[in-house]
Amino acid sequence: MTTQWLSGIVWGATCLAMSYVMMSYDFKPGRLGPRRAGWPTETDYSYSTALIRNPNKPTVVAFVHPRCVCTRATIAQLLRTVETHPGAELIAAVFVPLAAKDRQVWEESAYVKTIRAAAPEARIVFDRGGVQAWRFGALTSGTILAYDAQGREIFRGGITDRRGGERDNPGVQRFAVALAGDDSSVQADPTPVFGCPLVATTTEATAGADP
Amino acid sequence: MTTPAAAGRAEAIFHVDLDKIIHRTDRMFFWLLIGQWLFGIAIALIWSPRTWIAQYWSVHQHVLVAVFLGALFAAYPLYLIVRRPGTPYTRHMIAVGQMLQSALLVHVTGGRIETHFHVFGSLALLAFYRDWTVLITGSAVVYLDHLALGAWFPLSVYGVPVASMWRSVEHAFWVAFEAIFLTMSCRTGIRELRAIAGREVRLQDASEALEEANRTLEAHVDERTQALRHAKDTLEDKIKELELLNSVMMDREERIIELKEALKVLQAKIPNSTDNG
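Line by line, the protein sequences give chains A and B.
Following my numbering from start to finish, the first sequence increments by one per residue and tops out at 211.
Following my numbering from start to finish, the second sequence increments by one per residue and tops out at 277.
What the hints contain is simulated information worked out from the structure, not anything from laboratory work.
Please note that the accuracy of each hint is not assured.
Label-pair distances were calculated between CB atoms; the ranges are [stated by the list, open to error]:
no., chain 1, residue 1, chain 2, residue 2, range
1, A, Ile9, B, Ile46, 31 to 39 Å
2, B, Ile21, A, Ser7, 21 to 29 Å
3, B, Ser185, A, Ile9, 43 to 51 Å
4, A, Ser24, B, Tyr89, 30 to 38 Å
5, A, Asp102, B, Tyr79, 43 to 51 Å
6, A, Ser24, B, Ile113, 17 to 25 Å
Every beta carbon over 10 Å from chain A, so not counted as near; a handful from chain B, in silico [to be verified]:
no., residue
7, Phe14
8, Phe39
9, Leu69
10, Leu72
11, Val96
12, Glu241
13, Gln267
As the structure is a computational prediction, the values presented were derived from the model and not from experiment.
Think of the CB as a built atom: it goes at the ideal place given N, C-alpha and C, for glycine as much as any other residue.
Using the sequences and the hints, build the whole thing.
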């Protein structure tokens, strides 16, 4: 009887420990550059991408990885929020590798098609090699940056509650508040971003498989 | 009027029937746990097969979690079902494993609200055991899972970064809501099972009484048949005897007739004795 209960306790403890490890992955935020005052002023060295802010109205830039499963939730939350605040210009900065053999798979992914279908007025920009992601400090897929008409950064961070989570969360709430023109969120810390890295470190690049 | 012996027999029948239900439910969970494990892997492969770091990919952790953690959640209950079927310990561990698999499915589907229905479905399936204590174990696992996740990753459970314990209580209330009615259903099920066992005993008794009456009747019939057969045999013997007697009588009658005929012939041949005298 004692052995029986002991084995049950060992099993339960193992399940608990493994569950913690499992959850940690989904709730571990990705890397994100610090809050900035406004739209980047340094020279844009990207030779393939032009990310230009609309000076007449707020601009939202969404950095997404077109093949990361977490993008599904980010796009769902983004389109829902932008739909309720139609005054902002939406730019989707879609990561593509510098030298992708199958470029069409990246540029015509299901997520890109979803954005095109749901928000035809949105501008889709292909960020080759993640140059713009570096420039804007948006190192993780799912990073949303919002700027007012004067170019002041009014929101930085993620709008999902976990990797691939579509539930209501503080990130998307604060994003909606910023788009509504409420200045209270401007100085707030960035909200956590959950998604695939847009820029690989040397270690990650060595460990990863080629596309 | 139930005798102590009949009550004892009813109790024995009740336990045999309940044991059959428990073993059948164990077998159901054996296949369900395996099926859910495979389903979790399939969901992970469809929902999130790969994770990416820029242009590099690797297998998504959800797939690994569905394979290995899913196997871990199912393995111990499966082992107990095979080695110790029908025991209370086995079904309580099944309840733990089943609720953990619910948590796993919720996780690999990105915390979808719809997947939370699996928790309520699982509690209903555990009620098949008709053992309300198993529902307590299942509900406790759900509550502890919420408490632990709420403490470690509040966003995962409550959707807010800092959640009060009362949110856990609110979620637990809805689980308890179902568990209370399932408990009532379990207790009713047990009462009905006992009533059925009692009726079975009464039916057995009535059937035995009927068989006894039938046996007595058959014995009477056999006895009367024997007597009739004996009377018939005696009668047949008498008839045979009479027939024999009759035949002897007829022979004698014929002999008398013959003698009378012979006498007549003799009388005719003999002259009148008075004339000669």
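Against the structure, the hints come out as follows:
1. Ile9/A to Ile46/B: 31 to 39 Å: Given about 35 Å between the Cβ atoms, the range holds.
2. Ile21/B to Ser7/A: 21 to 29 Å: Holds, since Ile21/B and Ser7/A (Cβ atoms, about 26 Å apart) stay within the stated range.
3. Ser185/B to Ile9/A: 43 to 51 Å: Roughly 31 Å apart at Cβ, these two residues miss the hinted range, so it is violated.
4. Ser24/A to Tyr89/B: 30 to 38 Å: 31 Å, holds
5. Asp102/A to Tyr79/B: 43 to 51 Å: Taking Cβ atoms as reference, Asp102/A and Tyr79/B lie about 46 Å apart, which means the hint holds.
6. Ser24/A to Ile113/B: 17 to 25 Å: 23 Å, holds
7. Phe14: Its Cβ never comes within 10 Å of chain A, the nearest being 26 Å, so this holds.
8. Phe39: 17 Å, holds
9. Leu69: Leu69/B not clear of chain A: closest Cβ-Cβ about 5 Å, inside 10 Å.
10. Leu72: Its Cβ does come within 10 Å of chain A, the nearest being 6 Å, so this is violated.
11. Val96: Label violated. Min Cβ-Cβ 7 Å, cutoff 10 Å.
12. Glu241: Glu241/B is indeed farther than 10 Å from all Cβ atoms of chain A, at 87 Å.
13. Gln267: 125 Å, holds
Hint violations for this structure: numbers 3, 9, 10 and 11, all remaining hints satisfied.
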